[in-house]
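Engineer: Taking the hints into account, I'd like the entire structure generated from these sequences.
Chain by chain, the residues run as shown.
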Amino acid sequence: MINLSWQAPASLAIILFALGLIGLITRRNLIFVILSIEVMLNAVALLFIVAGMRWGHPDGQVMFIFILNLAGGELALGLVLLLRLRARITTLDGDSANILRES
Amino acid sequence: MGNIIWIIPAAPLIGSILLGLFGARWSNRWSGFIGTLSIVISALLSVAIAVHWFQDPPVDEHMRIMLWRWISLPEYSSYIEFYLDPVSLIMMLVISVIGLLIHIFSTEYMAGEAGYSRFFAYLNLFVASMLLLVLANDLLVLFVGWEGVGVCSYLLVGFWFHKAANGYAARKSFVVTRIADVAMLVGILLLSNALGTVSIQPMLAKAALLWPHGGIMAAAGAALLLIGGLGKSAQFPFQTWLPDAMAGPTPVSALIHAATMVTAGMYLVIRLYPLFALVPSVLTVIAVGAVITILTASLTALVQRDIKRVLAYSTVAQIGYMFLALGVGAWSAAMFHFLTHAVFKALLFLSAGAIAMRLHHEQDIFRMGGLRQKLSVVFWAFLIGSASLAALPVVSAGAFSKEMILASLWESPGLGKWLWLAALFGAVLTATYIFRVVFLVFFGEVKTEPTGHYGVRIVVPLVLLAIAASTIGWLEMPKFMASSSVFSSFLEPVLGHPATESTLPHWVTAAGYIAPLLGVVIGFGLYRSGYWVRTAGPVGQGNDGGQAERSMGEGVRRFMRAGFGFDFLYDRLLVQPFLWLVKILRNDPIDAIFMSAAAAAMRFHGALRRSQIGQLRRYAGMLALGSMAVIVIMVFA
Amino acid sequence: MILVWIALIPIIGGIVVWPAGRLHPLAPRVISLAILFVDLLLTLKLIEAGGSGAWLASFYAPWVPSLGIGFRFNMDGLSWILVVLTQILGIIAVIVSWSDIKDRVGFYHANLLWSLAGSIGVFIALDLFLFFFFWELMLVPMVFVIAIWGNENRRRAAIKFFLFTQGSGLLMLVAILALVFLHQQQGGILTFNDAALLATQPTGPFGILAMLGFFLAFLVKLPAFPVHSWLPDTHTEAPTAGSVILASIMLKTAGYGLLRFAVPLFLDAAHHIAPLAMWLGVISIFYGAILAYGQADLKKLIAYSSISHMGFVLVGIYAFNAIAWQGVVILMVAHGVSTGALFIAVGAIQKRLHTRDLAQLGGVWTDLPRLSSFGTFFVLASMGLPGLGNFVGEFLILRGTYAVAPLVAVFASIGLIPAALYSLIAIQRAFHGEATVPRRVSDFGARDVSVMMALALGIIVIGVYPQPLLNIGAPALGNLVPAKQVSALPQKGRGG
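Each protein sequence line maps, in turn, to chains A, B and C. As numbered in this note's numbering, residues 248 to 350 make up the first sequence, in order. As numbered in this note's numbering, residues 26 to 662 make up the second sequence, in order. As numbered in this note's numbering, residues 21 to 516 make up the third sequence, in order.
Be a bit skeptical, because a hint or two may be false.
Think about it this way: if two alpha-carbon atoms lie no more than 20 Å apart in a straight line, the pair counts; the simulated SDA-like pairs of lysine to any residue are [unchecked claim]:
id	chain 1	residue 1	chain 2	residue 2
1	B	188	C	393
2	B	442	C	437
3	B	608	C	448
4	B	608	C	393
Partial list, derived from the structure: chain B residues whose beta carbon lies under 10 Å from chain A [unchecked claim]:
id	residue
5	638
6	640
7	641
8	642
9	643
10	645
11	646
12	649
In case anyone wonders, no lab produced these hints; they're calculated from the structure. The beta carbon of each residue, even a glycine, is placed where N, CA and C say it ideally should be.
Structural biologist: Right, here's the structure in full:
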C-alpha cells in the first residue's frame with residue numbers, strides 16, 4: 248500500500264475537468280464536444296476515486312464504475328443523435344444545429 | 026255569439042302564417058285572395074257581432090272570453106282573454122271593415138310589385154295584432170298587440186327595402202315608438218307591482234279603491250302609460266316618426282298610419298280612463314300637449330310639398346284633437362272623432378295613392394294640377410275626404426265629431442276656453458292646408474299627364490269610404506239639428522254620459538262652423554294669388570342648397586317645413602351622443618385591458634426568448650457559470 | 021340509475037363515434053344523432069315518472085369515500101329543462117354540421133358529444149367535485165372544436181377561451197375547497213355533497229371571498245361585464261355548431277351555477293353582493309347592446325347581443341324572488357333557441373357568401389328570402405318582441421326585479437331601446453338594402469328549413485304558452501334555497 252498524497256491526483260482531475268469544459272465551450276465540432284464531455288466525466292470519476300482514497304471508503308470506486316456505465320450509455324446515445332443530426336444538417340458544426348429556434 | 030270572437034283576430038293571423046309559409050310559391054292572385062279572405066272573415070264576424078249586439082246587448086254591456094292562461098304564477102298572472110264592450114266593439118269594427126277595404130284596394134295597388142305575398146302577410150299580421158290590441162283584457166296582452174303592430178309598421182314602412190332611406194324611416198318609426206313603449210312597460214310594471222294585477226277591469230277597480238284622487242302612484246302609472254300612448258299616436262314630443270313613415274306603400278299609410286295603429290294611444294287612454302280620471306294633472310298635460318301637437322303639426326302641414334307628408338302631419342294634428350278631447354274628459358267625443366277620422370283619413374290616403382298610381386308615383390303636389398277632369402272619381406273622393414277633414418259643416422262627418430270636441434272644450438272648466446280657442450285656430454289651419462292641396466292638385470293646368478286606368482278594386486273602396494265620410498257623422502248630431510245621439514248612447518254604459526249639454530252659446534257653435542269655411546277661403550285666396558306656388562320651397566326634403574331666397578319669411582317656412590326642428594334637436598340630443606358612445610366603445614376597451622395583460626406576457630416572453638439561441642456551446646458555458654455561482658454562494662454564504 | 025345513463029351515454033357515444041369516422045363520414049353523424057335522441061327520450065321519460073319529493077330522480081354511488089366525493093346525480097325541474105334544452109340543441113348542432121364539417125368527422129363528433137355530456141353533467145351533478153369535473157369536461161372538447169374546426173384566427177380564440185374559463189374555473193375550485201374545509205371545521209365531515217354544504221352558510225369576509233370564487237367563475241362564463249371579452253372572439257372563430265353549443269348551452273351553465281350554487285351556498289354573501297351584481301347586469305345590458313350596434317361582423321354583433329341578454333339573467337338571479345327566477349329560466353331557454361338559430365343563420369350566410377362583414381352583406385333578402393325571413397324572425401325574437409319567448413323571460417325578470425329594486429328594473433327596461441337599435445341595424449345591413457354584387461346562391465334547403473321551423477315553433481310556443489315550463493320550474497326554484505335559511509335572513513331593501 249503506497250501512501251500517495253491525494254492533492255496531486257485531485258489537481259489532475261480539476262485540470263482535466265477545466266480542459267473538458269473549455270473544450271466543450273470553444274469547440275464547434277460535435278465529435279470534439281462529445282470528447283470534451285467524456286473528458287469531464289472521467290475527471291469527475293477520477294475525483295471520486297481520489298476522494299475514496301482520501302477517506303478510505305469504497306463508495307468512491309462504486310461511483311467510478313457507475314460513472315463508467317453512465318459514460319458508456321451516454322456516449323452511445325450521443326453518437327446516435329450525432330449521426331441523426333448529421334443526416335439532417337449535413338455538418339458536424341454544433342452552432343448550426345439551432346434548428347429548433349423559431350427565428 | 027261571444028265564443029267565436031277569437032276567430033276575428035285568429036283569421037288574419039292564420040292568413041299571415043299561410044302567406045308567410047307558402048306565399049312565395051303562390052301566384053299573386055291567390056296570395057291576394059287569401060290575404061283578403063282572412064280579413065273578410067274578420068269583418069263579417071265583427072259586423073255580425075255588432076248587429077247582434079244592437080239587437081240583444083249582453084248583460085252588463087260587455088263580454089269576456091277567456092282563451093288560455095298565458096302566465097300563471099302565484100305572484101303574477103296574465104290570461105289571454107278578450108274583452109268586448111262598446112268601445113272595443115267600435116275599434117274592432119273600424120279595424121276590420123276599413124282594413125278590408127284597404128286590403129281590397131291593395132290587391133290592385135300593389136299588383137306587379139315584388140314581394141306581393143310578403144306584403145299581404147305583413148298586412149294580415151298587422152290586422153291580427155291590432156285586433157289583439159283592442160280586444161285584450163290584460164295590459165300585458167295588450168302590450169303584445171301593441172308591439173306587434175309596431176313591428177308590422179316597421180316591416181311595412183321598410184317594405185321596399187332596397188332603398189336605404191326606407192329602412193331608415195322604418196327604423197326611426199320603430200325606435201321612437203320603442204322609447205315610448207319602454208315607458209309603457211315600466212308603467213305596466215308599476216301597476217302590476219302596486220295593484221297585483223294587470224287584468225284591466227280588476228286593475229281599474231283596485232286603482233279606484235286603493236289610490237286617492239290625484240295620488241302620486243296613480244299619476245306615475247297614468248303618466249308612464251300615457252307616454253307609451255303618445256309615442257304610438259305620434260303626439261308631441263314623439264311626432265317626428267310619422268311623416269317619415271310615409272316611405273311605406275300608401276295603403277299601409279292609410280291603414281296603419283292614419284286609421285288604426287296611430288290611434289292606439291287614444292284607445293289606451295280610453296280603455297284606462299278611470300285611472301286617468303283619477304289624476305287631473307295628467308289630463309291637463311294631455312290637453313296642453315295636444316294643443317302643441319295640433320298647432321305645430323298643422324303649421325308644418327301648411328308648407329309641405331309631398332301630398333303624403335301633408336296627410337301625415339294632418340294625422341298627427343287630428344289625433345291631437347282626439348287627445349285634446351281626452352284631456353278634458355270627453356271620452357266619447359274622442360271616440361267619435363276616431364271613427365270619422367279613420368274613415369276620412371283612409372279615404373284621403375287611398376285617394377293620394379290612387380293619384381300616385383296614375384302619375385308614375387309622383388307625390389309632389391306642385392307637379393300635379395288640373396286632375397279634376399282627368400281623375401274625376403279621385404277628385405270627388407279626395408274632395409269629400411278633405412271636406413270631412415276640414416270639418417265643413419253639414420256635408421261632412423268630420424264636422425260633427427269636431428263640433429263635439431269643440432263643445433266639450435268650451436264647457437270644460439279651467440283652461441277650457443283657451444283650449445277651445447286653440448282648437449278653433451287649428452280648425453282654420455286644417456281647412457287651409459288641406460284645401461291648398463285640393464286646389465293645387467285638382468285645379469289649374471295639367472303638369473303631369475296621368476296614364477293607365479282604375480280597376481274596380483280601386484274604385485269601390487274609394488266610393489264606399491266617400492259615402493261613409495259624408496254620412497257617418499249622422500250617428501251623433503248636435504241637439505239643435507236633430508236629436509241623434511246613437512253613438513254616445515251606445516258608449517254610455519262604458520264611458521258615462523257625455524258632458525255636452527245644449528247650454529252652449531250660439532255664437533260658439535257658429536264659430537265652430539265658420540272657422541273651416543274661413544280656412545277654405547284663405548286657402549283659395551292664397552291659391553289664386555299664387556302665394557302657394559311662390560312659397561313652394563325646394564324640391565325634396567332637407568337642405569335647399571342655398572338657392573331659395575334668404576328672406577325672413579322663407580326662414581320661418583324652412584323651420585316649419587322641417588317640423589319645427591324636432592328632428593334636428595333629437596339628432597343632436599340623442600342620436601349623436603349614442604353614435605359617439607358606439608364609436609368610442611366599438612373596439613371593446615375592456616377587452617383591451619385583458620389584451621394588454623396578454624401583451625405584457627408576450628413581451629416578457631420575448632425578453633426571455635433572446636437567451637435561447639440554440640447554441641450548445643453557449644448553453645454549456647452558461648451552465649458552467651451558473652454552477653460556479655452556486656458553488657461560490659454555497660461556500661461563502 | 022337513469023341519470024347516470026343520461027350523462028354517460030354521450031360520453032360512451034363519443035368514444036364510439038371517434039373510430040367510426042374512419043369507416044364512413046356518415047357514420048359519426050348518424051350515431052351521434054341516434055345517441056342524442058335516445059338520451060332525449062330517457063330525459064323526457066323522467067318528467068312522466070314524476071319522481072319523489074323535490075327531485076324528479078336521484079342517484080348516489082361512492083367515488084372517493086374517504087374524501088366524501090360521490091357520484092351524486094339529482095334532477096329537479098330546473099335541471100330537467102336545461103338538460104332537455106342541451107339535448108335538443110345538441111341534436112340541432114349535429115344537424116347543422118352535417119355538411120359543414122368534412123375534416124376528421126369522427127373526432128369532431130366525439131368532441132361535440134363530450135362537450136354536451138359535460139353540460140348535462142353540470143346540470144345534474146350535485147356533488148361539488150363531480151360538478152367541477154363536468155365543468156372541465158365541458159370546456160376541453162370545446163377548445164378542440166374551436167381550435168381545429170374554427171375560422172382563420174381559431175387558435176388565438178381557442179386560447180383566449182381556454183384561459184378565461186380555465187382561470188375562472190380554478191378560482192371556483194379554490195372556493196369549493198375552502199367551503200368543504202370550512203364545513204369540516206364546523207364539526208361536519210369531509211364531504212363535497214351539495215345538500216350537506218348548504219348548511220354551512222359561511223358569513224363575513226370569508227363567506228364573501230368564497231362566494232366570489234363561484235361568482236367570478238360564473239360571471240366569466242355567463243358572460244357579464246367586465247369579464248365578457250372572450251365571448252365575441254370565441255364566437256367569431258368557432259364553427260357554427262360550436263357557436264350554437266357555446267351560446268345556447270354553455271352560457272346557461274353559468275346561469276344555472278349561479279342559481280344552484282353561488283346563491284344558495286352563500287346566502288348572506290349573495291345578499292351583500294346583490295346590488296353590485298344587479299348593476300353589473302344592467303351595465304352588461306347596455307354595454308353589450310351598444311357594442312353590438314358598433315360591430316361590423318354579424319357574428320360578433322350577435323355575440324355582443326348575448327352579453328346584453330345575459331345581463332337580464334344576472335339582474336333576475338339577484339332579484340331573489342320566484343317571478344324573476346322563473347323569468348331567468350324562460351329567458352335562458354328562449355335565448356338558447358333564438359341565439360342558436362341566429363348563429364345557424366349567420367353560419368349559412370357565411371357558407372354561401374363567404375363573408376360575415378356587414379359592409380359587404382346587404383340585400384341578402386333578394387337572393388335568400390327564406391334564410392332572411394327566418395333571420396329577421398329570430399332577430400325580432402331576440403329583441404324581445406312580445407308574443408315570443410324572450411319577452412316572457414324579460415318581462416318576468418323585470419317584474420320580479422321591480423318588486424325589490426325598482427330603479428334597476430327601470431334601467432334594465434331602458435336597455436330594451438338599444439336592443440331595438442342593434443337588432444334593426446342588423447336586419448337593415450344584412451338582409452335589407454341593395455346587394456353590392458350580384459350573387460347566385462342557393463337558399464335554405466329542406467333540412468335547414470325544418471331546423472329553423474322547429475326552433476321558430478319553439479320560440480313561439482314559449483312565447484304564447486310558457487305555462488308548462490313555469491310549472492316544471494316552479495317546485496325546483498322554490499326548493500333552491502332551503503326554507504330555514506330564507507327565514508333566517510334579514511329582509512332588507514336592496515338596490516335602488
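Engineer: If a hint holds in the structure, say so; if it doesn't, say that too.
Structural biologist: Results of checking the hints against the structure:
{"no.": "1", "hint": "188(B) - 393(C)", "verdict": "18 Å, holds"}
{"no.": "2", "hint": "442(B) - 437(C)", "verdict": "39 Å, violated"}
{"no.": "3", "hint": "608(B) - 448(C)", "verdict": "19 Å, holds"}
{"no.": "4", "hint": "608(B) - 393(C)", "verdict": "30 Å, violated"}
{"no.": "5", "hint": "638", "verdict": "7 Å, holds"}
{"no.": "6", "hint": "640", "verdict": "5 Å, holds"}
{"no.": "7", "hint": "641", "verdict": "5 Å, holds"}
{"no.": "8", "hint": "642", "verdict": "5 Å, holds"}
{"no.": "9", "hint": "643", "verdict": "8 Å, holds"}
{"no.": "10", "hint": "645", "verdict": "5 Å, holds"}
{"no.": "11", "hint": "646", "verdict": "5 Å, holds"}
{"no.": "12", "hint": "649", "verdict": "5 Å, holds"}
Hint violations for this structure: numbers 2 and 4, all remaining hints satisfied.
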